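Chains as they are written, first to last, in the numbering used here: chain G, 27 to 565; chain A, 27 to 565.
Don't read these hints as lab results, they were simulated from the structure. Source: prediction; values computed, not measured. Glycine included, C-beta positions come from ideal geometry on N, C-alpha and C. Possibly wrong hints are sitting among the right ones.
Under 7 Å between C-beta atoms, here's a sample of chain G residues computed to sit facing chain A [to be verified]:
hint: 1; residue: 267
hint: 2; residue: 300
hint: 3; residue: 542
2 protein chains.
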Amino acid sequence: MSDAPRTARTRSWWGWGTEAGRLTAAETADLVTRVAGLLPDHDLTDHAPPDPRALGVPEPRVAPPASLAGLCSTDPVDRLAHARGKAFRDVVRNLQGDTAHVPDLVVRPRTEQDVVDVLDWCTSSGTPVVPYGGGSSVVGGVEPRFEGPAVTLDMARLDRVLEVDPVSRAARVQAGAYGPALEDQLRPHGLTLRHFPQSFEFSTLGGWLATRAGGHFATLATHIDDLTESMRVVSPAGVGESRRLPGSGAGPSPDRMFLGSEGALGVITEAWMRLQQRPAWQRTATTTFASYDAAVAASRAIAQAGLYPANCRLLDPAEAMINAGTAVGGGLLIIAFESADHPVDAWLDRALELVTDHGGEVLATRDRSAGDPGHGDDDASRAWRSAFIRMPYQRDELARRSMIVETFETACTWDAFPTFHAAVTAAAQEAIAKVCGGQGVVTCRFTHVYPDGPAPYYGVYAGGRWGSTRAQWDEIKAAVSAAIVDHDGTITHHHAVGRDHRPGYDAQRPEPFAAALRAAKAALDPAGILNPGVLVSPR
Amino acid sequence: MSDAPRTARTRSWWGWGTEAGRLTAAETADLVTRVAGLLPDHDLTDHAPPDPRALGVPEPRVAPPASLAGLCSTDPVDRLAHARGKAFRDVVRNLQGDTAHVPDLVVRPRTEQDVVDVLDWCTSSGTPVVPYGGGSSVVGGVEPRFEGPAVTLDMARLDRVLEVDPVSRAARVQAGAYGPALEDQLRPHGLTLRHFPQSFEFSTLGGWLATRAGGHFATLATHIDDLTESMRVVSPAGVGESRRLPGSGAGPSPDRMFLGSEGALGVITEAWMRLQQRPAWQRTATTTFASYDAAVAASRAIAQAGLYPANCRLLDPAEAMINAGTAVGGGLLIIAFESADHPVDAWLDRALELVTDHGGEVLATRDRSAGDPGHGDDDASRAWRSAFIRMPYQRDELARRSMIVETFETACTWDAFPTFHAAVTAAAQEAIAKVCGGQGVVTCRFTHVYPDGPAPYYGVYAGGRWGSTRAQWDEIKAAVSAAIVDHDGTITHHHAVGRDHRPGYDAQRPEPFAAALRAAKAALDPAGILNPGVLVSPR
Numbered sequence: 027m028s029d030a031p032r033t034a035r036t037r038s039w040w041g042w043g044t045e046a047g048r049l050t051a052a053e054t055a056d057l058v059t060r061v062a063g064l065l066p067d068h069d070l071t072d073h074a075p076p077d078p079r080a081l082g083v084p085e086p087r088v089a090p091p092a093s094l095a096g097l098c099s100t101d102p103v104d105r106l107a108h109a110r111g112k113a114f115r116d117v118v119r120n121l122q123g124d125t126a127h128v129p130d131l132v133v134r135p136r137t138e139q140d141v142v143d144v145l146d147w148c149t150s151s152g153t154p155v156v157p158y159g160g161g162s163s164v165v166g167g168v169e170p171r172f173e174g175p176a177v178t179l180d181m182a183r184l185d186r187v188l189e190v191d192p193v194s195r196a197a198r199v200q201a202g203a204y205g206p207a208l209e210d211q212l213r214p215h216g217l218t219l220r221h222f223p224q225s226f227e228f229s230t231l232g233g234w235l236a237t238r239a240g241g242h243f244a245t246l247a248t249h250i251d252d253l254t255e256s257m258r259v260v261s262p263a264g265v266g267e268s269r270r271l272p273g274s275g276a277g278p279s280p281d282r283m284f285l286g287s288e289g290a291l292g293v294i295t296e297a298w299m300r301l302q303q304r305p306a307w308q309r310t311a312t313t314t315f316a317s318y319d320a321a322v323a324a325s326r327a328i329a330q331a332g333l334y335p336a337n338c339r340l341l342d343p344a345e346a347m348i349n350a351g352t353a354v355g356g357g358l359l360i361i362a363f364e365s366a367d368h369p370v371d372a373w374l375d376r377a378l379e380l381v382t383d384h385g386g387e388v389l390a391t392r393d394r395s396a397g398d399p400g401h402g403d404d405d406a407s408r409a410w411r412s413a414f415i416r417m418p419y420q421r422d423e424l425a426r427r428s429m430i431v432e433t434f435e436t437a438c439t440w441d442a443f444p445t446f447h448a449a450v451t452a453a454a455q456e457a458i459a460k461v462c463g464g465q466g467v468v469t470c471r472f473t474h475v476y477p478d479g480p481a482p483y484y485g486v487y488a489g490g491r492w493g494s495t496r497a498q499w500d501e502i503k504a505a506v507s508a509a510i511v512d513h514d515g516t517i518t519h520h521h522a523v524g525r526d527h528r529p530g531y532d533a534q535r536p537e538p539f540a541a542a543l544r545a546a547k548a549a550l551d552p553a554g555i556l557n558p559g560v561l562v563s564p565r
Numbered sequence: 027m028s029d030a031p032r033t034a035r036t037r038s039w040w041g042w043g044t045e046a047g048r049l050t051a052a053e054t055a056d057l058v059t060r061v062a063g064l065l066p067d068h069d070l071t072d073h074a075p076p077d078p079r080a081l082g083v084p085e086p087r088v089a090p091p092a093s094l095a096g097l098c099s100t101d102p103v104d105r106l107a108h109a110r111g112k113a114f115r116d117v118v119r120n121l122q123g124d125t126a127h128v129p130d131l132v133v134r135p136r137t138e139q140d141v142v143d144v145l146d147w148c149t150s151s152g153t154p155v156v157p158y159g160g161g162s163s164v165v166g167g168v169e170p171r172f173e174g175p176a177v178t179l180d181m182a183r184l185d186r187v188l189e190v191d192p193v194s195r196a197a198r199v200q201a202g203a204y205g206p207a208l209e210d211q212l213r214p215h216g217l218t219l220r221h222f223p224q225s226f227e228f229s230t231l232g233g234w235l236a237t238r239a240g241g242h243f244a245t246l247a248t249h250i251d252d253l254t255e256s257m258r259v260v261s262p263a264g265v266g267e268s269r270r271l272p273g274s275g276a277g278p279s280p281d282r283m284f285l286g287s288e289g290a291l292g293v294i295t296e297a298w299m300r301l302q303q304r305p306a307w308q309r310t311a312t313t314t315f316a317s318y319d320a321a322v323a324a325s326r327a328i329a330q331a332g333l334y335p336a337n338c339r340l341l342d343p344a345e346a347m348i349n350a351g352t353a354v355g356g357g358l359l360i361i362a363f364e365s366a367d368h369p370v371d372a373w374l375d376r377a378l379e380l381v382t383d384h385g386g387e388v389l390a391t392r393d394r395s396a397g398d399p400g401h402g403d404d405d406a407s408r409a410w411r412s413a414f415i416r417m418p419y420q421r422d423e424l425a426r427r428s429m430i431v432e433t434f435e436t437a438c439t440w441d442a443f444p445t446f447h448a449a450v451t452a453a454a455q456e457a458i459a460k461v462c463g464g465q466g467v468v469t470c471r472f473t474h475v476y477p478d479g480p481a482p483y484y485g486v487y488a489g490g491r492w493g494s495t496r497a498q499w500d501e502i503k504a505a506v507s508a509a510i511v512d513h514d515g516t517i518t519h520h521h522a523v524g525r526d527h528r529p530g531y532d533a534q535r536p537e538p539f540a541a542a543l544r545a546a547k548a549a550l551d552p553a554g555i556l557n558p559g560v561l562v563s564p565r
């Protein structure tokens, strides 16, 4: 059986990213001091991760055929590292040495034919198979949370950009390419996908497509869907490839059936993706508002103005304080425009007019196009971006110290937002009060804005009790999920459904569509081996 | 049995639009003179439409239950007028008095429950039902082209805007609303859908949704899909309604399964549509190029610049001459920007820089924002727009005079376009030469442009022989369809698949997706009554 590839060896088996990427001792000390200041009664004892080799990971219950053995890993730590995603509840379970639902094999195909062969074997043997990109799911999407054996299909070796079309600005890319490797291969062509989810470093194109990932752009191409020109998918019923088309009206979109299929309908092996030239003009403004309602109204005005900023991120006061170190009365709204073609001054100027029309103030602007160091103090926007990348590592350190640190995200229409936001925030705070005795903060930011509504992203920070933090979070999550579904939101805007969001998803989707999806699943995956429990199979 | 509503009584049973909208005698004489000049040998004898009451439309083979009888029309002319769409081949068959495949009943539901009741009756009796919006299909989408009885479900009575949300800028609209009625109901709210297909006056929201219609916008919201917030669909398996959401990542999009389902999966009864404020600033430029390649390159540059013009219509020299009365060496490129929020000068200025960078010349600009009569001569753009609306009426007059006048449309990537365009044009011209003895013209314009490719729309004008023009066109159409499919285009960018495009559609769609769609159809429509022959049922 083969060794794991290099990336797998440097990745943390229990937490986010790489061991090398973890907070330094000094950073950790600083973080702990800040939390101690906010929650003086909280027990911040550090619970280090266990030695994974001492956890007694069960022996594999299934053996691959000889023809596939060379692609398979049975290493206990490799399997443990593939047992779940990177949600707070995943990290906590790892820290506690939980070995439930560890896959029996990790298979790493080298070719699409390998994928076909693995699905053939799994179909004939009735072995469930979990397609796996970077494993950054925060919704239980890669966890074989079911009885019996499981195979995890890690696509990381299919990581090449196979073809670049500079005229149409598109590239054919294998699904296992991680964000950095993908961009590295595009850079010599002067092109970029510009899909930068927070997980960018540790997630793959195939994962983005299968989960309808949200990326860089606050408007227009908010999901990876819009950057997708065509896809190639291996299902047990056969291999399909959609045509490269800039647009089509020939029946329901084939790609839209597989975008968001979360490994339940097939394995995405490659896709033609729409690219862009690297931006030459970038202007950012940081603006503040005395009232949150005014900040929301300004965000809406910008979203409805047809200006299409790359960034239109509204932080509420708690988010601004915790993650941008900035005190604001009502909100911090960061607006950015970028272009490879033209200066964006007219665009930003008009957006800032809308800001001032709504009572906002411009705190700082920065012009990265001309190397302008900017005028005013935009530490707030820089601090936020830096914190954004480091957040999951901070989360890990706090999880070790019995803190509950997690996010949830959604979208709703603008007319619904005030009531929605109040209800969801209240549900979170009531649940925190109930399960944590009231020690907690709920923050909100808009990650994406649409003409008809925002995509709010909430953060929860609360002091838990060691040994109970997963259960405490689950209770908070159940409360906020119910509030989201009851108040006309979506159970997920860009984190996918996985296993964790099934109740909310089942409640919100139209039943005839569910029936159609079940039928499609039965046609494509008659043995029901593909990621059981996700989307359409029994919970 | 009820009378047909007023709209149905004023509509032409055999051709486009209304009898009142037909060309005047003077317009017809002018048109005929121009054609005679171009094709001096062509026999321009006028073949007037027959008296529909004298055609011997067969008696209905099926009777509705008493509970539905009040919704049903058995009037022969009403049924004849619903027997087919408005393609050239439909008009010709009407002119020739062809009474094949006339529906036995036209049912006009007044409520969604009526739709449910009709589907229940059709399911229990095994009677095929053809959902019908405005009947403007040009692909055989509304024609009961199968053996046995058929019911046409005309949605025209469900034509209300039920709710307007001015905050999120959206409205809940019944599917049977025709374009003008829809806009009339939105106007008092200062809002507009701005979906203006050529068929606007004679097509409905439900038809647009079911066929993924292309509309006003050359970029961004090119199809009605992008303007759709949620939909309500009645299928034999039940009624489903998706949630109003500005964006979501919860599994494959439910709406995207029904957008483009062409009445084969369910009947769309209403939808929440995304609206806009009426534009206050509109600027248009008419530009010319000495070479078509340069004009295409400029179109591509504008499509890839992130400027998002509302209009970016490239007419080739033949299209510019025939429909805009303008002689150009390489192409006529009409570019327009519009906004309800801000002046669009920066946008148009940059687009015109791209035009001149590619060797183009600005013929005229017009500023409708300020009531500016414009400088330069933009008769070309005005002439084109006026001709555009009247084209189907002209087509009808020419069809009466043995001319073959029809269009086909597609999309492909920019890298493929030169080869694609040459092959498709050659296929059309070869077919015209073969079936018409060479008397014909093929024109091309871009209706929509994307960063990764254009949507070319071709016109064919050729002299046929009375009695054979349908068969002649069918032969030309088969040749161009084969060329489109063989050269990496889509069989339709926004005219839908219907029955006419089935061979091309079947060739281009991935087989696993077809299997999934068949399964979805079987789940939603177990008796197979919904628009048989469309998308997934036997051809």
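What hint numbers does the structure not satisfy?
none
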